[in-house]
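**Student:** Heads up: the sequence lines are chains A and B, in that order. Heads up: the first sequence begins at 4 in my numbering, then just goes up one per residue. Heads up: the second sequence begins at 4 in my numbering, then just goes up one per residue.
As the list makes no split between identical chains, a pair holds if one copy fits it or if it spans any two.
As a list, the in silico BS3-like pairs of lysine-lysine whose alpha-carbon atoms are at most 27 Å apart: (1) K15 <-> K53; (2) K15 <-> K37; (3) K189 <-> K15; (4) K141 <-> K37; (5) K188 <-> K37; (6) K189 <-> K239.
No wet-lab data here; the hints were simulated from the structure. Just so we're clear, the structure is a prediction, and the values are computed from it rather than from any experiment.
Letter by letter, the chains look like this.
There are 2 protein chains.
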Amino acid sequence: MNRLSLIKVGGKIVEGHDSLRYLLQDFASLNGYKLLVHGGGRSATELAAKLGVESRMVNGRRVTDADMLQIVTMVYGGLVNKNIVAGLQALNVNALGLTGADLNLIRSRRRAVKDVDYGLVGDVEEVDAAALGELVRKNIVPVVAPITHDCAGQLLNTNADTVAGELARALAGSFDVELVFCFEKKGVLLDEADDESVIRELDRRTFADYVERGIIQGGMIPKLENAFAAIDAGVKRVVITRASELLTSNGTVIQ
Amino acid sequence: MNRLSLIKVGGKIVEGHDSLRYLLQDFASLNGYKLLVHGGGRSATELAAKLGVESRMVNGRRVTDADMLQIVTMVYGGLVNKNIVAGLQALNVNALGLTGADLNLIRSRRRAVKDVDYGLVGDVEEVDAAALGELVRKNIVPVVAPITHDCAGQLLNTNADTVAGELARALAGSFDVELVFCFEKKGVLLDEADDESVIRELDRRTFADYVERGIIQGGMIPKLENAFAAIDAGVKRVVITRASELLTSNGTVIQ
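The following block holds chain A by itself, in its conformation from the complex (with noise of 0.2 Å):
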């Protein structure tokens, strides 16, 4: 099988004009397939600030009424994904910009209210893996905004690392997919305190460990869970990273 590199980026790396042109020049020079998954919550928190709308995370995920989807819409949609394609064509890379309602991409279903409701949020139901490896494999470069839809017309915000996950998840099936997620650390850190202590591999038992010894903990535990679940579903390898480290893949593999 052909290999494919998944690369999910953060909101603060695409957000920067500077750490995004970097970015831009490190994906472009990857060899093979590939496709980016972007954020850009900092960016919505923004403009809902300026338009007066109030940002409400609750477990770090951000609860979306319609004014919000707007928002996100707008700066997902619009703002940081033609932004990124723009700048990748400038790079010879035929990047094609997407949410999941484009082509039906990513089909997800409206988040069943428990303790929380998260307002217009989708849970990923099915991926169309045959499209976009069609896509893929005529060296286009798909560049994702977390957004969904529902089928029905609604379309729904949907976390970016969940997002990358179900992607190479999906297209663990036709290509070696390596799924890296870019932040803002080398990796997973033994010591948050200290951005040199990287964990280079983990392994379940591992992360179970360090989770209840309460060295792994808060939004790092959902991002890593997404992880094994990656690998369990066929993916080949999943690093935790800086977006510097793209070339590298340097960073905590997961496996």
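Take the given structure of chain A and dock chain B to it, following the hints.
**Tutor:** Frame of chain A; chain B shown alone:
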């Protein structure tokens, strides 16, 4: 050659909830290959006002500074485009939202400053008709936002009528293109005060005569010049009508 319906719809239609719903139903029931180009100027103006960004129009065209480019990228490329895509997907139309940067489809050059500095506005230089045609032949329905790019990473704002005209001309080599401009009236009117005074057919000679006599004026003149340019470039038929006449194709026929 296969027929292709290329529909351009203005802001007023795509920005109203009900008018958009009717439009998408009619568009979905059009037979054969099709493509939609949309505007979104009213929403852009509205968002700009909320953000304290001044909307400045010269000769009916929007002056686009860096702030305004962000706004139109969000509104045209994100909000309006993705809502249309999700609405069409709900009607089993395999819509794909695009700007000119995606797949490098519409390359433009920043307009040179003569009397007016329009700012980040692009004049279309080249359309990738082969790539667009390939999508269309797979029964993918492109939904095109009026944003182009200069191939050097800069998005540029481009008039939606112009985008529709340029796409029609580019596709005329491989499809029998019918180009339909939808706006608020039933067609070009002989008497602005009488909505029923639709000019059924208009050729270049009559057009010149009507312009001279002041019967046709204002924003209708560039729209019609666009239409005649499309006919000259091999587009089979150009119709100017209102959205509710999409299925009948009644209105003013340019030939």
